[in-house]
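Asker: These protein sequence lines map, in sequence, to chains A and B.
The opening position of the first sequence corresponds to residue 1 in full-length UniProt numbering, with each subsequent residue numbered one higher.
The opening position of the second sequence corresponds to residue 1 in full-length UniProt numbering, with each subsequent residue numbered one higher.
If you're looking for bench data, these hints aren't it; they were derived computationally from the structure.
Model, not experiment: these values are computed from the prediction.
It cannot be assumed that every hint is accurate.
Below 20 angstroms or equal to it, Euclidean Cα-Cα: the simulated SDA-like pairs (lysine to any residue) are [unchecked claim]:
| # | chain 1 | residue 1 | chain 2 | residue 2 |
| --- | --- | --- | --- | --- |
| 1 | B | K254 | B | N205 |
| 2 | A | K11 | B | N205 |
| 3 | B | K222 | A | D62 |
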Amino acid sequence: MTAPLPKRIIKETERLQSEPVPGISAQPHDDNARYFDVMVEGPGGSCYEGGIFNLELFLPDDYPMCPPRIRFLTRIYHPNIDRLGRICLDVLKNNWSPALQIRTILLSIQALLGAPNPEDPLNEAVAKQWKENQPEAIRTAREWTKLYAQKK
Amino acid sequence: MSEDARSTEKSESSGLDPHEDARALVRLIQCAQCSRPYRTPVTLPCGRSLCRECLPQTHERENISYPDLPGRKQGYQCPYVECQDEHPVSDCSIDVTLTKVMDSIAEIVAKHASTVRGTLTFTEEVAHDEAISMSTEKPPTRQTYGGRLMATYLLAAQGQLAYNADLLYQSISDQVESERGLDNKLVKELLETTHREVDCQVCYNLMLDPVTTTCGHTLCRKCLARVLDHSFHCPVCRRGLAVPTSLQNQPSNKTLVDLLNGLCPDAVAARVQAVSLEDQPGEGELDTPLFVCTSAFPGQPTFLRIFEPRYRLMLRRCLLGNREFGMLMYNRYHEPQGELGTVPFYQYGTMLQVLHCQTLPDGQSLIESRGVYRFRVKSHGLLDGYTVGSVERFEDVSLAEEERLEAEETSQPPPADETDMHAVISRMPTQDLLALGREFVYRMQARSASWLAQRVLDTYGQPPEDAALFPYWFASVLPIADEEKYKLMGTTTVRERLKITASWIRRIESQRW
Numbered sequence: 001m002t003a004p005l006p007k008r009i010i011k012e013t014e015r016l017q018s019e020p021v022p023g024i025s026a027q028p029h030d031d032n033a034r035y036f037d038v039m040v041e042g043p044g045g046s047c048y049e050g051g052i053f054n055l056e057l058f059l060p061d062d063y064p065m066c067p068p069r070i071r072f073l074t075r076i077y078h079p080n081i082d083r084l085g086r087i088c089l090d091v092l093k094n095n096w097s098p099a100l101q102i103r104t105i106l107l108s109i110q111a112l113l114g115a116p117n118p119e120d121p122l123n124e125a126v127a128k129q130w131k132e133n134q135p136e137a138i139r140t141a142r143e144w145t146k147l148y149a150q151k152k
Numbered sequence: 001m002s003e004d005a006r007s008t009e010k011s012e013s014s015g016l017d018p019h020e021d022a023r024a025l026v027r028l029i030q031c032a033q034c035s036r037p038y039r040t041p042v043t044l045p046c047g048r049s050l051c052r053e054c055l056p057q058t059h060e061r062e063n064i065s066y067p068d069l070p071g072r073k074q075g076y077q078c079p080y081v082e083c084q085d086e087h088p089v090s091d092c093s094i095d096v097t098l099t100k101v102m103d104s105i106a107e108i109v110a111k112h113a114s115t116v117r118g119t120l121t122f123t124e125e126v127a128h129d130e131a132i133s134m135s136t137e138k139p140p141t142r143q144t145y146g147g148r149l150m151a152t153y154l155l156a157a158q159g160q161l162a163y164n165a166d167l168l169y170q171s172i173s174d175q176v177e178s179e180r181g182l183d184n185k186l187v188k189e190l191l192e193t194t195h196r197e198v199d200c201q202v203c204y205n206l207m208l209d210p211v212t213t214t215c216g217h218t219l220c221r222k223c224l225a226r227v228l229d230h231s232f233h234c235p236v237c238r239r240g241l242a243v244p245t246s247l248q249n250q251p252s253n254k255t256l257v258d259l260l261n262g263l264c265p266d267a268v269a270a271r272v273q274a275v276s277l278e279d280q281p282g283e284g285e286l287d288t289p290l291f292v293c294t295s296a297f298p299g300q301p302t303f304l305r306i307f308e309p310r311y312r313l314m315l316r317r318c319l320l321g322n323r324e325f326g327m328l329m330y331n332r333y334h335e336p337q338g339e340l341g342t343v344p345f346y347q348y349g350t351m352l353q354v355l356h357c358q359t360l361p362d363g364q365s366l367i368e369s370r371g372v373y374r375f376r377v378k379s380h381g382l383l384d385g386y387t388v389g390s391v392e393r394f395e396d397v398s399l400a401e402e403e404r405l406e407a408e409e410t411s412q413p414p415p416a417d418e419t420d421m422h423a424v425i426s427r428m429p430t431q432d433l434l435a436l437g438r439e440f441v442y443r444m445q446a447r448s449a450s451w452l453a454q455r456v457l458d459t460y461g462q463p464p465e466d467a468a469l470f471p472y473w474f475a476s477v478l479p480i481a482d483e484e485k486y487k488l489m490g491t492t493t494v495r496e497r498l499k500i501t502a503s504w505i506r507r508i509e510s511q512r513w
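So here's chain A without its partners, still in its complex pose (with noise of 0.2 angstroms):
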């Protein structure tokens, strides 16, 4: 029933592990080469500098037609991500286009964390408080950052 894996797979797969991008990295599973454990690094000088994060990475079958399933399991306090990791993002949504690829959507989620966008939120609270009180609000990302998101 399974049918082969796409070329197109294997070979971002290939490129992934040949030609790293700095600070991010997706590593299939052995089983199921469809699903990833990435790990990607809060980009320096943000309040998320200094953690690493980890998110899950799924290729659905109509791959690349329709984006990649992605939603953090670190947790982390960005008023674009929710309690349950899932990720606010237009590229993984209506704007996802099949010349994009795993690599260009990990840098988005990195670039995403370097810039959180409270006017367009998927948690209410986080973003209520960034627009209220954004130094309140770094602090607590920083807070969780070095509570959650270190090597472990």
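Given chain A, work out where chain B should sit, using these hints.
Answerer: Quick look at chain B alone, frame taken from chain A:
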């Protein structure tokens, strides 16, 4: 003639040798207009390329109202004698892939030009046109450094090699091997540096039957077709592809096809074989589940309650696969259906994609689906009680043909009889036919027509501004017989569909007032 045919055949099956076929190889990248290697090439809708500088003067296009986009008001007359069509300015963009390939070629030549002083190639031009070679004195013999390939390229780059001219190479016996080595090395290097450029950005394989969008981006034909099932935007630059392109009629990028066939025929052959294997289980077999039930249209929602066991099975299998099934209308009057003869359904249908499916406790399912594309049934059979078939996509003619038809019809002399509804409608500009439809909808809305109640609009949306989609929307909401709506299914132009909707409107109006 037969000689010619054989030589093209050869180039397609066995490729071109960098040394023996140096002249032919360089011709592949020469602009047929200026004879130089392509400089910032533009690929036209007819699939042929030329330098941006070689584009002819633009002119105002006449008698065309649809699609109403600024870039389509101006056009170029295609300078290729094989084509000579009018290409809208907005459809002629710089060919991104070909431009990168040309840059790589120029870089490789520049890199080697300084290191090949030891090798000399003597060339002599042979004019194609016999009249010229008879009248003028013997053409000069030129000396150029480098192997045959580089020498030929440099001649072209200097503007000294006409597109149609052939070359005679005089080899010096002890240099043949070093020449051949250099020619092979150049091609090898070119393939290495450009392999990522000629990989499709969707499937990551060597482009197979590359098609270039109006915004200048190139993908495999099959990949572009899949992309267009999901969105009418270019996957690379997100520019709207304006109108659902009819890929069947879109020519391939001729230069890229010839280059790939010439330089790496084995890789192309391997791709063809791999793709035919992928398609095998489907090709020619009854692989599409078909549901004979109701009318459905591309881009429009269809809601269904699936309760018969055979269709429950069909739905489950469909959800495991690509979530698509074909919707066909019941042929209640036993009308013959082309080569299928008299069958229980109409031969043209709409492929539906299941968006949501809710299975109720009693096993029934409520599904929300959306029409993806039209198809025609080629053959059919039964599988576990439901109909299955082999179908082929059914698409509109090319945009160029669409425009040609409009120009032809709207420039007819006015009808002799002003009351002849069909004659009047067939002379109306496409955009006016759309306006007629939309105004009718707004007028009916103002009169609170029951078929335009808010819940209907909530389901189907407001009347689309896109002329290609308006008739499908209109047919989805208008309370007329399905057999009448079916007339839209076999149409091949936007205009034809709008003329049908206009005739419905005229008939409704004549009955009521």
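Asker: So, for every hint listed, does it hold in this structure?
Answerer: Taking the hints in turn, this is what the structure says about them:
no., hint, in the structure
1, B:K254 <-> B:N205, "holds, 19 angstroms"
2, A:K11 <-> B:N205, "holds, 9 angstroms"
3, B:K222 <-> A:D62, "holds, 15 angstroms"
No hint from the list above goes unmet by this structure.
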